[in-house]
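Listed below, chain by chain, are the residues.
Number of protein chains: 4
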Amino acid sequence: MGYLASMRTEAKSSVLKRLKRIEGQVRGIARMVEDDRYCIDILTQIAAVRAAMRRVEDEVLRDHVGHCVEHAIRSGDAEEQRAKIAELMEVFARAER
Amino acid sequence: MGYLASMRTEAKSSVLKRLKRIEGQVRGIARMVEDDRYCIDILTQIAAVRAAMRRVEDEVLRDHVGHCVEHAIRSGDAEEQRAKIAELMEVFARAER
Amino acid sequence: MGYLASMRTEAKSSVLKRLKRIEGQVRGIARMVEDDRYCIDILTQIAAVRAAMRRVEDEVLRDHVGHCVEHAIRSGDAEEQRAKIAELMEVFARAER
Amino acid sequence: MGYLASMRTEAKSSVLKRLKRIEGQVRGIARMVEDDRYCIDILTQIAAVRAAMRRVEDEVLRDHVGHCVEHAIRSGDAEEQRAKIAELMEVFARAER
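Protein chains in written order, with the working numbering: chain Z, 1 to 97; chain W, 1 to 97; chain B, 1 to 97; chain A, 1 to 97.
Quick caveat, the hints were computed from the structure, so don't treat them as lab data.
Don't take each hint at face value.
Copies of the same chain look alike in the list, so a pair counts if it fits in one copy or across any two.
No more than 25 Å apart at the CA atoms, straight line, and that leaves these computed lysine to aspartate or glutamate pairs for DMTMM-like [said to hold, decoys possible]:
id, residue 1, residue 2
1, Lys12, Asp36
2, Lys20, Glu34
3, Lys12, Asp63
4, Lys17, Glu80
5, Lys17, Asp58
6, Lys17, Asp63
7, Lys12, Asp41
8, Lys20, Glu79
9, Lys20, Glu80
10, Lys20, Glu70
Predicted, not measured: the structure shown is a model, and the values here were computed from it.
Based on the provided sequences and hints, a complete structural model is requested.
Now the structure itself:
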């Protein structure tokens, strides 16, 4: 089967589930704001969404390394490998380190 | 007018707009995953949502300080002031510092 | 005894000990670089110093709140209290959140 | 010339300079604590050291990728390449993301 530069099935369904939950959490925070809930309670929920998004990022990243970067290694194509490394370095530079 | 321990109108509408946009962005990321888009492009959108959530956190926090913490200062109630400070320290300890 | 806007004795000696250790760790990393040690081992030590500096920051911050901010609360001086809150918000905005 | 799994000359001297400066900054913070300087001024210097350490980390990481990871790519050794990628992922997981 040819190489598909996208997420593997298991990671894909897990990430979709996480994103669905996060979408609901964001809507929930909006309701709290509309209902004039106490700011600190709202901040607690915001922190939960931030943590959840970080876990989604980690999962997509791990799947990418195990799949797309692995494919570049197997291909033996040095240029492709360099491109993959450069992409990873960009993701890390941008991440809230 | 009595003190309402919730967000002020201007911050409230701004935060609600941000949350609506973020909700849409999260749905957009889910579509990218479903459409087998390249992982690095997905990671780029995830980073954008993480940054947007941080800005929502900052806005709620600033409004809280200018409103609820300010109210505690005006009240002259030392216990209330201590409680507000303790809450702020918790928010910061939890934030991805 | 008048209020001294500096760290309390216990926190002061603990923070000084931490800083001494960190100073030694930084010298140790320099030696690793001079000795051409493997980059990943150097990065591991850098991460340790970063975590240690964060703990020093937390300790100074907690002592500040329990001492200087508490003093402002007891003084009943609303302007002083506002100044303390504004300082805290600056520290948090600057922290790698 | 054989491959040396350590930093390249230019990066090495730059990182050593940075570490020397940071060592001095840490000693300077200790003096501020000993001299009972105001906590917020101490926190400002701590934030400066934290930022400086992050720049050292970035520089060592970039040099590692351009040197050791590049060597693994050129070697064509898939196992060596996988090991390098795994090391990078560990560095990022540990970084204050």
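Here's how the hints hold up against the structure:
1. For the homomeric pair Lys12 and Asp36, the shortest alpha-carbon distance between copies (9 Å) is at most 25 Å, but the shortest distance inside one copy (36 Å) is not.
2. For the identical chains of this complex, Lys20 and Glu34 are neighbours both inside a copy (21 Å) and across copies (12 Å), given an alpha-carbon limit of 25 Å.
3. Within a single copy, Lys12 and Asp63 get their C-alpha atoms as close as 9 Å, which meets the 25 Å cut-off; across copies the closest is 34 Å, which misses it.
4. Within a single copy, Lys17 and Glu80 get their C-alpha atoms no closer than 31 Å, and across copies no closer than 35 Å, so neither meets the 25 Å cut-off.
5. With identical chains, the CA atoms of Lys17 and Asp58 are at most 25 Å apart within one copy only, with a shortest distance of 15 Å there and 27 Å across copies.
6. With identical chains, the CA atoms of Lys17 and Asp63 are at most 25 Å apart within one copy only, with a shortest distance of 15 Å there and 33 Å across copies.
7. Only between protomers do Lys12 and Asp41 lie at most 25 Å apart by alpha-carbon distance; the minimum there is 14 Å, versus 32 Å within a single protomer.
8. In this assembly of identical chains, the alpha carbons of Lys20 and Glu79 never lie at most 25 Å apart, being 37 Å within a copy and 37 Å across copies at closest.
9. Taking the closest pair of Cα atoms, Lys20 and Glu80 never come within 25 Å of each other, the shortest separation being 33 Å inside a single copy and 38 Å across copies.
10. Within a single copy, Lys20 and Glu70 get their C-alpha atoms no closer than 28 Å, and across copies no closer than 37 Å, so neither meets the 25 Å cut-off.
The earlier numbered hints that this structure contradicts are 4, 8, 9, 10.
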